[in-house]
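Based on these hints, arrange chain B on the given structure of chain A.
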Amino acid sequence: MISHAHLGWQCLSPDIDSLVLLINDAGIPTKAQNTLQGPAKVVAIDPGFWGKAAAVAAANRVRWCAVWGEHRPPEIRISAALAGRDGHLLLQTLVSDRQGELPSQTPFFPAANRPERYLQDMFGVRFFDHPDQRRWIRHQAWQEGQYPLLKTFPPAGTPQDMTPPDCRYQFIPVEGDGVYEIPVGPVHAGIIEPGHFRFQAMGEDILSLEEHLGYVHKGIEKCAEGRDVRGLVRLAGRVSGDSTVAHTWAACQACEAAVGITLPRRAVVIRAILAERERVANHLGDIGACCNDVGFPFAQAQCSRLRELWQRQNSAVFGHRLLMDVVIPGGVNRDLNVRQIDLLNKAIEQLRLELQDFLPLLYEYPSLQDRLRGTGVLSLKRARSLGVLGFLARASGECWDLRRDAPYAPYDDMVITVPHTLDGDASGRLRIRGDEILVSLDLLEEMLKKLPPGEVALEFPTVQRDCSGIGFVEGWRGEILAFVHLDATGSVSRYFPRDPSWLNWPALEAMMEGVIVPDFPLCNKSVNGSYSGHDL
Amino acid sequence: MFDVLVKIFKTGCLTEKIPPPDKPVIELGLACQKEITRIFGKSMAIRMVDAGSCNGCELEIHALNNGFYDIERFGIHFVASPRHADLLLVTGPVARHMQAALKGTYDATPDPKLVIAMGDCGADGGEFGVSYASCGAVASVIPVDAIIRGCPPSPLQLLQGITELLRRR
Numbered sequence: 001m002i003s004h005a006h007l008g009w010q011c012l013s014p015d016i017d018s019l020v021l022l023i024n025d026a027g028i029p030t031k032a033q034n035t036l037q038g039p040a041k042v043v044a045i046d047p048g049f050w051g052k053a054a055a056v057a058a059a060n061r062v063r064w065c066a067v068w069g070e071h072r073p074p075e076i077r078i079s080a081a082l083a084g085r086d087g088h089l090l091l092q093t094l095v096s097d098r099q100g101e102l103p104s105q106t107p108f109f110p111a112a113n114r115p116e117r118y119l120q121d122m123f124g125v126r127f128f129d130h131p132d133q134r135r136w137i138r139h140q141a142w143q144e145g146q147y148p149l150l151k152t153f154p155p156a157g158t159p160q161d162m163t164p165p166d167c168r169y170q171f172i173p174v175e176g177d178g179v180y181e182i183p184v185g186p187v188h189a190g191i192i193e194p195g196h197f198r199f200q201a202m203g204e205d206i207l208s209l210e211e212h213l214g215y216v217h218k219g220i221e222k223c224a225e226g227r228d229v230r231g232l233v234r235l236a237g238r239v240s241g242d243s244t245v246a247h248t249w250a251a252c253q254a255c256e257a258a259v260g261i262t263l264p265r266r267a268v269v270i271r272a273i274l275a276e277r278e279r280v281a282n283h284l285g286d287i288g289a290c291c292n293d294v295g296f297p298f299a300q301a302q303c304s305r306l307r308e309l310w311q312r313q314n315s316a317v318f319g320h321r322l323l324m325d326v327v328i329p330g331g332v333n334r335d336l337n338v339r340q341i342d343l344l345n346k347a348i349e350q351l352r353l354e355l356q357d358f359l360p361l362l363y364e365y366p367s368l369q370d371r372l373r374g375t376g377v378l379s380l381k382r383a384r385s386l387g388v389l390g391f392l393a394r395a396s397g398e399c400w401d402l403r404r405d406a407p408y409a410p411y412d413d414m415v416i417t418v419p420h421t422l423d424g425d426a427s428g429r430l431r432i433r434g435d436e437i438l439v440s441l442d443l444l445e446e447m448l449k450k451l452p453p454g455e456v457a458l459e460f461p462t463v464q465r466d467c468s469g470i471g472f473v474e475g476w477r478g479e480i481l482a483f484v485h486l487d488a489t490g491s492v493s494r495y496f497p498r499d500p501s502w503l504n505w506p507a508l509e510a511m512m513e514g515v516i517v518p519d520f521p522l523c524n525k526s527v528n529g530s531y532s533g534h535d536l
Numbered sequence: 537m538f539d540v541l542v543k544i545f546k547t548g549c550l551t552e553k554i555p556p557p558d559k560p561v562i563e564l565g566l567a568c569q570k571e572i573t574r575i576f577g578k579s580m581a582i583r584m585v586d587a588g589s590c591n592g593c594e595l596e597i598h599a600l601n602n603g604f605y606d607i608e609r610f611g612i613h614f615v616a617s618p619r620h621a622d623l624l625l626v627t628g629p630v631a632r633h634m635q636a637a638l639k640g641t642y643d644a645t646p647d648p649k650l651v652i653a654m655g656d657c658g659a660d661g662g663e664f665g666v667s668y669a670s671c672g673a674v675a676s677v678i679p680v681d682a683i684i685r686g687c688p689p690s691p692l693q694l695l696q697g698i699t700e701l702l703r704r705r
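Protein chains in written order, with the working numbering: chain A, 1 to 536; chain B, 537 to 705.
If we strip away everything but chain A, and leave its shape as in the complex, we get (with noise of 0.2 Å):
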């Protein structure tokens, strides 16, 4: 169901300059920060103040989006991202880089209990309150007291010829008569991406799902250090192979504010081109997948003859079936002509008819929705609490997508609609899917009628001094951040993305309540998390 109205929660948060007073009323001073460019405001605290800050944030709904460290020796600077009405607010602190400790956030927000786990096996700095003292991304690739994002650690590290199996990951189980665990995983069954879920179960009910991912972590962050610009933007387009513009995107946006270019107008329009059709292809290909994980194998014949004709006019226009490397620093490399501009629009327009008999079909389809409706229910309370990302959340209810919300270059000047629906269960997900491809589809036309002139890229400056950014994108799977610091050379030091998967897993395990197991795979597909672009 479209709606035009609702604007969600965060009508209610406090704009971002109310949030830091509200901070500050509550006994915390705030030092502002200008260092940092981009679309946020960024305020230094005292490392004791972490946690109360935190709680005074969701006192008043705020959104907690990402944390990540940086080692700025002898000290790690912590950054926590905040979204308030408005936009975003970072916090930061120093702590020094041999066993520096804070409080933890995650008392307040469910959603910083991974990555403060994350940012502690790699960097070694302890979060002393933090209710789950579990290792996370660290399995038995490196030691204990190892910290791979610690400038002292070579890139290299110091691995073993095989690295073990991790065998010794503490599940939390559940006792009682009958309980049995189902471990999945890494490798899974079909053609996906490895990681491993323990399941609790009684005959077919799951009782719990516990998630312990980190399988293909491949050092991204670590990989990024010394590259240069291209070589960096290159490197974020496969985070995750499915989000490639979104990631480059959002890297490219990080150096673009670093060093304080805009970009020509034809260049920003292309880009968010670039994102639509991307956001189309994985919505069309999900929509298949979830129906087939059902039984429903006529759903996964049309949409990835749907998804097939799409990509191939994806290669033919824009040079790559999956759009990667067509985003750069500075623009992109690909220009649009009036004949292609014609394909485009002819393609829109025949995929929007198709669509037009094919989903009513599927959302009126009786065996199918049988096992869509109820299936993995995500409340909006919990969707809210876990501060879940992009169509998962909107399809619980929580209307938030940063393309209408703290709009950014072109979506600045358009009216943008954000379907959302209250149901949170497995058919909601895949109708929000199915309304977000005919909103993208009208996105793209209204674009390809009004692309303006002019360039499609710009020559990027040679850096000349330290400098940081960051960029915010709406990626089909939801908000993707990333945070560039490049050294006086030009050379990254400092590279983080943070994928909406971060947010979005731990809704997986969330909605597990009354699910049977032959339904996981369905739940899963309707999820539809990262593993890449959450292991980095």
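In case anyone wonders, no lab produced these hints; they're calculated from the structure.
Remember, predicted model here, so these are calculated numbers, not experimental data.
Positions of the beta carbon are idealized from the N, C-alpha and C atoms, including for glycine.
A few of these clues could be false.
[To be verified] Straight-line Cα separation of at most 16 Å, EDC-like style, residue types lysine to aspartate or glutamate; simulated pairs: (1) A:LYS449 with A:ASP413; (2) A:LYS381 with A:GLU509; (3) B:LYS553 with B:ASP606; (4) B:LYS639 with A:ASP161; (5) A:LYS449 with A:ASP357; (6) B:LYS639 with A:ASP166; (7) A:LYS52 with A:ASP86; (8) A:LYS381 with A:GLU513; (9) A:LYS450 with A:ASP342; (10) B:LYS546 with A:ASP357; (11) A:LYS52 with A:ASP129; (12) A:LYS52 with A:ASP25; (13) A:LYS449 with A:GLU349; (14) B:LYS543 with A:GLU354; (15) A:LYS41 with A:GLU101; (16) B:LYS543 with A:GLU513; (17) B:LYS546 with A:GLU354; (18) A:LYS450 with A:GLU509.
[To be verified] Computed footprint of chain A on chain B; a stretch qualifies when at least three of its residues, placed anywhere within it, have a C-beta under 8 Å from a C-beta of chain A: (19) 551-561; (20) 584-597; (21) 645-656; (22) 693-702.
Relative to chain A, chain B alone:
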């Protein structure tokens, strides 16, 4: 139900002939001098293992099962267990956290078996290379019989490569 049948009828058969590639798609190892078709008979079961990819390769492997490429027409199909597999299709720069799982999957696959390392990452570590977190080429962990490069390789390249391996079109 009727609407579904009408749509299927209207869509028709999409399956395309695979043209021969302009240049060789697959790098065959020495072990591939033998007559693979003879050994594997009329069908091939593939177990796909993601050893750390960004998921781009998986998207293109999924496309192999769509109506246009229809890999199953060659008697090639994807299986859920390495126990049922003739061929392991491996992607990614072998994240160290996946090293043991990849080796375990290889060991669980009965002989005779083949391994294809897919994508630039599978070939030599790609964008991620060798690091504290990644082993690099799939060949550094298990024996590899053939490599199909690309980032990611297209479904057509995959199909051309796999059927070249089997010398069947």
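| request: Verify the proposed pairing of LYS450 of chain A with GLU509 of chain A, using a straight-line Cα cut of 16 Å. | output: violated (43 Å)
| Is the straight-line distance between the alpha-carbon of LYS546 of chain B and that of GLU354 of chain A 16 Å or less? | holds (12 Å)
| field | 8 Å C-beta criterion, at least three residues: is the region 693-702 of chain B covered by chain A | value | It is violated: at least three residues are needed, and the region 693-702 of chain B offers just 0 whose Cβ sits closer than 8 Å to chain A.
| Quick one, are LYS381 of chain A and GLU509 of chain A close enough, alpha carbons at most 16 Å? | holds (15 Å)
| task | Would you check chain A against the region 645-656 of chain B, counting CB to CB pairs closer than 8 Å, and say if three or more residues qualify? | result | n = 0 at 8 Å, threshold three: violated.
| query | Is the hinted pair LYS450 of chain A and ASP342 of chain A satisfied, with a Cα-Cα distance of at most 16 Å? | reply | Holds - the C-alpha atoms of ASP342 of chain A and LYS450 of chain A are around 13 Å apart, at most 16 Å.
| Given pair status - ASP357 of chain A, LYS546 of chain B, alpha carbons within 16 Å | holds (13 Å)
| task | Establish whether the coverage given for the region 584-597 of chain B by chain A is satisfied; the threshold is a Cβ-Cβ distance below 8 Å, and no fewer than three residues must meet it. | result | holds (count 14)
| field | 16 Å Cα cutoff - pair LYS52 of chain A, ASP86 of chain A | value | The hint is violated at about 22 Å.
| query | Does LYS543 of chain B pair with GLU354 of chain A here, judged by a C-alpha cut-off of 16 Å? | reply | Holds, at about 10 Å.
| query | Does LYS52 of chain A pair with ASP129 of chain A here, judged by a C-alpha cut-off of 16 Å? | reply | holds (12 Å)
| field | Within 8 Å of chain A (C-beta), three or more residues of the region 551-561 of chain B | value | violated (count 0)
In summary, the numbered hints that this structure violates are 5, 7, 15, 16, 18, 19, 21 and 22.
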